[in-house]
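Model the placement of chain B with the ligands on the given structure of chain A, informed by the hints.
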Amino acid sequence: MNQAASVSGQRGFWDASGGRRGIGTWVFSTDHKRIGLLYFYSTLAFFCVGVLLGLALRLELFAPGADLFTPQQYNALFTLHGVVMIFLFIIPGIPAAFGNLVMPIQIGAEDVAFPRLNLLSWWLYAIGAIMALTSLFTAGGAPDTGWTFYVPFSVRTTTNVSLATLAVFIIGFSGILTGLNFLVTIHRLRAPGMTWMRIPLFTWALYATAWVQVLATPVLGITVLLIFAERVIGTGLFDPTRGGDPIMYQHLFWIYSHPAVYIMILPAMGVVTDIIPVFARKPVFGYKAIAISSLAIAGAGSVVWAHHMVTSGMSDTAVMVFSLLTFLVAIPSAIKVFNWVATLYKGSIALDPPLLFALSFIFLFSIGGLTGLVLGAAATDVHVHDTYFVVGHFHFVMFGGTGFAYFAAMHYWLPKIYGRMYSRKAAVWGWALLTFGFIVLYMSMMIVGVEGMPRRYYDYLPKFTFWNQLSTIGSWILVLGLVIMFVNIFRGLLRGEPAGANPWGGASLEWQTSSPPPLENFDHEPEVTHGPYDFRKAGL
Amino acid sequence: MSESSPATQAAHPKDYTGAKLGMWLFLFTEVLLFGGLFILYAVYLQRYPEGFRLGGEQLNVWFGGGNTLVLLTSSLSVAMAITALQRGRVRQTMGLVGVTVAMAFCFLVNKYFEWSAKIHHGIYPSSPQLKELPAGEQVFFSIYYLTTGLHGIHVLVGMVMMGWVLLLIRRGKVNPEDYVTLENAGLYWHLVDLIWIFIFPLYYLIL
Ligand code: HEM
Ligand SMILES: [Cu+2]
Chain A
545 MNQAASVSGQ RGFWDASGGR RGIGTWVFST DHKRIGLLYF YSTLAFFCVG
595 VLLGLALRLE LFAPGADLFT PQQYNALFTL HGVVMIFLFI IPGIPAAFGN
645 LVMPIQIGAE DVAFPRLNLL SWWLYAIGAI MALTSLFTAG GAPDTGWTFY
695 VPFSVRTTTN VSLATLAVFI IGFSGILTGL NFLVTIHRLR APGMTWMRIP
745 LFTWALYATA WVQVLATPVL GITVLLIFAE RVIGTGLFDP TRGGDPIMYQ
795 HLFWIYSHPA VYIMILPAMG VVTDIIPVFA RKPVFGYKAI AISSLAIAGA
845 GSVVWAHHMV TSGMSDTAVM VFSLLTFLVA IPSAIKVFNW VATLYKGSIA
895 LDPPLLFALS FIFLFSIGGL TGLVLGAAAT DVHVHDTYFV VGHFHFVMFG
945 GTGFAYFAAM HYWLPKIYGR MYSRKAAVWG WALLTFGFIV LYMSMMIVGV
995 EGMPRRYYDY LPKFTFWNQL STIGSWILVL GLVIMFVNIF RGLLRGEPAG
1045 ANPWGGASLE WQTSSPPPLE NFDHEPEVTH GPYDFRKAGL
Chain B
80 MSESSPATQA AHPKDYTGAK LGMWLFLFTE VLLFGGLFIL YAVYLQRYPE
130 GFRLGGEQLN VWFGGGNTLV LLTSSLSVAM AITALQRGRV RQTMGLVGVT
180 VAMAFCFLVN KYFEWSAKIH HGIYPSSPQL KELPAGEQVF FSIYYLTTGL
230 HGIHVLVGMV MMGWVLLLIR RGKVNPEDYV TLENAGLYWH LVDLIWIFIF
280 PLYYLIL
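Chains A and B, in that order, are what the protein sequence lines are. In the numbering used here, each number is its position in the first sequence, counted from 1, plus 544. In the numbering used here, each number is its position in the second sequence, counted from 1, plus 79.
One chain only, chain B, in its complex shape:
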């Protein structure tokens, strides 16, 4: 299900404010979805500070940092794409949206290698090796996989969405007069980025 739907579905006299309002409300629900996981994180961190510290040390800052850079770049390219479209530079817009899609893809490849490395070391949910670890670390890795997994799915959805917007731009359905779809897709992408900005320090850096 394309999650940007509100944007394209304003009633016939196009209501831009309505479309944006719809998107913001939707983003709210996404924040709350992740909110559930962050609450679990907070509660279990309070219960197992030591286990979380040990778990955090085992995550690779370079993978996490790399992906942070990738996402920040992609957020920049979306923002630039919107400005470019507003100024009527359609070709440039398409290039910038293309960069975003490519960045999203990089993120997923990076994540694939990161997860593979961990799984290779026998650390994945319900693995025999994980069950040997102290309770705190087990919980840490469970939440780690759940949160980054859910985030990864969102990156994937965002990537598909950006690809679809690219198609709409090429067909002229999204154009310098009517760009709310791109704006909303951009908002969604910024949210995906924003959530990562919380995940990165909480899992990779602080502990």
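Excised from the complex, chain A in its bound form:
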């Protein structure tokens, strides 16, 4: 018998195989925790693939001149890196993996509203991922358009863009179904007493995210279908020689892809919001403001798409309007940052690994957000558009923000799911190296960008050498941190000390059930009598 068993007397949902055997207990399971783990492992695997590709890009850029790859290979590498990181890791990462793992427990439900649909979503994700990978090696070879599939190049290139767009369509469909499922779950399956103002803020964030997923993703669907149609039957809708307009493609693409940024960042903010009060031993500051600002970000973030196009030749009025709207998103985001800091203020802070990652998140995300204002202001954007400044900016937001929140979630919730704890010391080392490497890696990119180095080039002028080398060295430090972190996590989860039901002293529902939780999450249907951050009423 293993240790977890001797603590809780059972291994919870890990034992309940639903009458299936072997791998079937996973890939046909409709238990949201198993599906969450499926998502966790698949997104993690793609993260590792993406990191290797990113490292390869950085290696090529270590010195000026052609070193490792041909220009064509480099194009394929950064396209792949972008597609894998965006569609296979960062968009599904937190909502599909951690959302599935903890959201139903947080609201006191047995499962999501449509368990079989949930499984279907994972299958669609897996099928889409396989198609995306297949597109690398079949007909014409790896797509080289960048993850944005901009026309006219995406229509003309002979690489396997058609299959890749279909893959993106299917992955998008999977995201829609997850969002839909979460919306219905949160509306219908809350435990008695779980009023809207008692929902943990991670679930609130998922709720706002789910709306964006449901409302924005169909536009991506039609956009990639149009690219597919252009390539296969030659409709010419984006081809100026036949009356079409390539700018229309950019509009449609960014109508999805800018809101997609909020699909990535809102759940990450939710993770951080749930972590901070627990480790500051204080109720969260401004519960309502945080919940509402999630919805406000989702709303305002949906109308700013054209800030990606200020250099594409829109009217000056449009540029000004979108610039202004972009600035407005800063307000609800700043509200959140303010609330996190205010929650920490005068708290009795426990510097445990989840909080460390959450703190890095606040720091890196704030830098990402502020540089976003530089890009949102049309005048400065004209200067830095499509330079490495942009690459630095979005890595700060996406990797520094969402990536770190994903790691924070991993350190925070996985002990609940596995019932075991990792080493605190190794986690701190991993965190320190990661954060330091990160800043070296991407700060250098921002600087070299301001100096004028364009993005998506496999070569550069010798005067950019210093910052590029520093950046590449940063990538090695960062990877070292990643390795330490993952080894520590998995060793701990398999062999670590039993974690106990509530290792961090949280007051939300997921900490009131055993670790790992039983198949239907609770032994008795929970009755909710206080808010998720009401540590005193929870007797903590």
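For the record, the hints were derived by calculation from the structure and aren't laboratory data. Just so we're clear, the structure is a prediction, and the values are computed from it rather than from any experiment. Treat each hint with caution, since some may be false.
[Said to hold, decoys possible] Cβ-Cβ distance ranges computed for the label pairs, FRET-style: (1) K252(B) - T569(A): 34 to 44 Å; (2) T785(A) - K252(B): 47 to 57 Å; (3) W141(B) - G857(A): 37 to 47 Å; (4) Q137(B) - T682(A): 34 to 44 Å; (5) A589(A) - L187(B): 35 to 45 Å; (6) D930(A) - E129(B): 31 to 41 Å; (7) E211(B) - L603(A): 44 to 54 Å; (8) T682(A) - H200(B): 32 to 42 Å.
By construction, the Cβ of each residue, glycine as well, lies at the ideal position given by its N, Cα and C atoms.
Positioned in the frame of chain A, the structure of chain B with the ligands alone reads:
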């Protein structure tokens, strides 16, 4: 992938409201999918009013009108099927759902002849003849084929779905006590009909 899935998958104590909510959300996403095409239509219409007028004149109102009638009838038969099932008339329900499937099939046959006629005249995406036409007309026909094509696929999906519901009714899985699957399939079918109600005037009538 059967698109009515939410209906059949409510957690064990069947949550009808939840199942309907799921379906409505899904229909929302379908509207947005077509919304992308309607936005393109609006933008290009504003740019090429003349080309769109000339293009529209070449579409056959009789084909379009016929299909409008077919779809309206089918929507009626689904609505009647739901009422019939609620009142416990299972045989009648099956007949009415059968009518819907048949109507969907008629629609597709009609569409097949319509498209064939156009293609026969050399008007299809990237045809040499289309490339001779002025830009506005080329764009018009591109959007026409994309929109009606996507709609046609939805008719096909709806037809398969209705056939599947018919099977469930026969097996008693959908019955007078438990008919949310039929209701949701009906909602989906009404959406397909509704989208056509926009397509028909925009392409065949107004211009
Ligand atoms: C070890 C980690 C990483 C390294 C070393 C790295 C490196 C790079 C480099 C050098 C580029 C520039 C390609 C170019 O413009 O020529 C790039 C682009 C990009 N990276 Fe990363 N990256 C890493 C992690 C991530 C993560 C976690 C994400 C996920 C959000 C991500 C998303 C992207 C995207 C979307 C692009 C844009 C690709 C394009 O320009 O189309 N990266 N990365
Ligand atoms: Cu944006």
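Inset, instruction - Report the numbers of all earlier hints that the structure fails to satisfy, in ascending order. - result: 1
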